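These are the residues of each chain, in order.
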Amino acid sequence: MSDATAPFVPAASVRRSSARGESVGVRIALIAVSLVFLLLFLALPLASVFVEAGAKGWEAYRAAITEPDAQAAIRLTLLVAAIAVPFNIVVGIAAAWAIAKFEFRGKNLLISLIDLPFSVSPVISGLVFVLLFGAQGYFGPWLQAHDIKIIFALPALILATIFVTFPFVARELIPHMQSLGTADEEAALTLGASPWRVFFRVTLPNVKWSLFYGVLLCNARAMGEFGAVAVVSGKIRGLTNTMPLHIEILYNEYMGAAAFAVASLLAGLALVTLVLKTFLEWRFGDEIAASRRH
Amino acid sequence: MTTAAKSFRWREPSILPGFGLALGITLTALSLIVLIPLAGLFLKAASAGPADIWAVATSPRTLAALKLSFMGALIAALVNAVFGLILAWVLVRYEFPGRRLIDAAVDLPFALPTAVAGISLAAIYAPNGIIGSLFAPFGIKIAYTPLGVMVALIFIGLPFVVRTVQPVLEELQSDVEEAAALLGASRIRTIFKVILPPVLPALMTGFVLAFARAVGEYGSVIFIAGNVPMVSEIAPLLIVIRLEQFDYAGAAVVATMMLVISFALILSVNLIQAHARRRFGDV
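Same order as they appear, the protein sequences are chains L and E. Just so you know, we're using my numbering here: the first sequence kicks off at 65 and counts up by one. Just so you know, we're using my numbering here: the second sequence kicks off at 952 and counts up by one.
Honestly, the hints are just simulated from the structure, not real lab data. Here the structure is a predicted model, which means the values were calculated and not measured. One or more hints might be untrue.
What the hints assert, rightly or not - Okay, the calculated beta carbon distance ranges per label pair: (1) E:A1002 / L:A199: 22 to 28 Å; (2) E:G1049 / L:L340: 16 to 22 Å; (3) L:V154 / E:A1136: 54 to 60 Å; (4) L:K213 / E:E963: 43 to 49 Å; (5) E:S1137 / L:I92: 28 to 34 Å; (6) E:R1228 / L:G245: 23 to 29 Å; (7) L:I175 / E:L994: 23 to 29 Å; (8) E:S1219 / L:A257: 27 to 33 Å; (9) L:I175 / E:T1009: 35 to 41 Å; (10) E:V1127 / L:Y318: 56 to 62 Å; (11) E:S1219 / L:Q200: 32 to 38 Å.
To be verified - Some chain E residues well away from chain L (every beta-carbon gap over 10 Å; in silico): (12) I966; (13) L1029; (14) P1078; (15) K1092; (16) G1177.
As the list claims (entries may be wrong) - Where chain L lies over chain E, by a calculated footprint (3+ residues, C-beta under 8 Å): (17) 1005-1013; (18) 1051-1063.
Glycine included, C-beta positions come from ideal geometry on N, C-alpha and C.
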């Protein structure tokens, strides 16, 4: 299908004529179907978060997000993300460096294993740590004897969050680094730059936008994770309750407006993430190789 | 670095440094966070003994939960395949006001925390909610029934089909369509014989991704499901319930069954796709 054999028609006009393939009626019908589908499954749920959050007025909203348990949940969510995300940045960069810059056997297997957490139910991602560190888990008795708490405490929340967000950074960086090749780094090395200098001055600046993109998605998932942390947290108010878990408790206690007030903060985070993500795709689309298929 | 290159026989030599360090960090983290914990799960399930495993695996409650999770995920993925394809088509081919905004909004389920999605879906699909109240007069309950489970699973799987099909539609050569039209094919025939076949592999991939995500989904489902045992109780919830009863082995067996079934399904679809690619070429 070489371009030489194609009739000489400007590309734009070909597009437009093919876009007129369907009759106006069909086109309007398809657009209407899409819009109704999105209204039912996206727009209304999102709008309802903010409507329900404000249902009892501004004072109730402010009280719901400033009460001590809510504040503790917000702090805990930020703390967990502040540890899990940098961990995944380091591991993601290391994985991308090994996979994208070198040729070795078993590479495809390694990529599949890094992606594995995406195919594991969040609940199972939490369960595996309970089985290891819980009271009846493999290391449970030893941990108890040494008075170390992992399950129903901060360490398990962090471990479960790292598990579910493990692939995000690596899978954005790998395709981008692969497409860049190794020529820049080789040139810098031949010119006498030290390995770390090459990394910080050549590699990292080259991939900064896809790295930021991966971190953005990683952070959104880390702060919003529910299933995995629900299993390991024990949901002790003020201590091991993250924001999503706090929302669940409030909701189950029929404090709907308060639940939606806290939920509106996370929905706001989701909207900010979406805006930044769209901006990055629009501005640096060529560099963010995986943007269309995560 | 030459000594390192020699000791790693299984890789191509390179003048770049840091392979050992980078791979070491990756494998250590991967093993500690993902592989060893998952191995522990399988070990725990196996340690229950054949009789107990069989009892858990064939108990009506386990089977009902697994059936709901897998059938619900299947139906939701089918719905997403149909509407995702239409949505991708509309976004790629038509110009209309708000198209870019909608294009960006499709990713909302990726960004919105599942617990937030769960309570908002429950609120609007409940009998007194804005959508639920439309169906209530006809005696149709959506929230707190298996139908509610599907609503949540459709929500979280929505972006997958759109995002896998969209790039393929964008790169489709329009001259083939024109040729089909010039040769006298009707538009419907052109769509089914010319446009859809090359899109099919991507559609299949999106379907599998949406399905895999929906099978394990927990947060967005439990608020809208009603969670009645045998009726609207999904498999991940059953795992949580078993854990809360300190039945670690029972939880591990249900979890292992979920993982084995979904990996087997994903693997077989990948094999079918690889086979199709070999036969029909990479499209």
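Consistency of the hints with the structure:
1. The hinted range of 22 to 28 Å is satisfied by A1002 of chain E and A199 of chain L, whose Cβ atoms lie roughly 25 Å apart.
2. Between G1049 of chain E and L340 of chain L the CB atoms are about 20 Å apart, so this pair conforms to the stated range of 16 to 22 Å.
3. At about 55 Å, the beta-carbon gap between V154 of chain L and A1136 of chain E stays in the expected band of 54 to 60 Å.
4. One distance hint, 43 to 49 Å for the beta-carbon pair K213 of chain L and E963 of chain E, holds here, with the actual separation near 46 Å.
5. Range check, S1137 of chain E to I92 of chain L: Cβ separation about 20 Å, and the 28 to 34 Å hint is violated.
6. Judged by the Cβ atoms, the range 23 to 29 Å given for R1228 of chain E and G245 of chain L holds: they are separated by roughly 26 Å.
7. Between I175 of chain L and L994 of chain E the Cβ separation comes to about 25 Å, which falls inside the hinted range of 23 to 29 Å.
8. Hint check: S1219 of chain E to A257 of chain L, Cβ distance near 49 Å, so the stated range 27 to 33 Å is violated.
9. Evaluation of the 35 to 41 Å hint for I175 of chain L and T1009 of chain E yields a pass: the beta carbon distance comes to about 36 Å.
10. A hinted range of 56 to 62 Å for the beta carbons of V1127 of chain E and Y318 of chain L is consistent with their spacing of about 58 Å.
11. In this structure the hint that S1219 of chain E and Q200 of chain L lie 32 to 38 Å apart at CB holds, the actual value being about 35 Å.
12. Its closest Cβ contact with chain L, about 6 Å, brings I966 of chain E to no more than 10 Å, contrary to its assignment away from the interface.
13. The beta carbon of L1029 of chain E sits about 14 Å from the closest Cβ of chain L, which is more than 10 Å, so the claim that it is off the interface holds.
14. Once the 10 Å rule is applied to beta carbons, P1078 of chain E is consistent with being away from chain L; the minimum gap is 15 Å.
15. With a least CB separation of 16 Å from chain L, K1092 of chain E remains clear of the 10 Å interface cut-off, as annotated.
16. No beta-carbon of chain L comes within 10 Å of the beta-carbon of G1177 of chain E; the shortest separation is about 13 Å.
17. Coverage of the segment 1005-1013 of chain E by chain L is violated in this model, with 0 residues showing a Cβ closer than 8 Å to a Cβ of that chain against a need of three.
18. By the rule of at least three residues with a Cβ nearer than 8 Å to a Cβ of chain L, the coverage given for the segment 1051-1063 of chain E holds, with 10 such residues.
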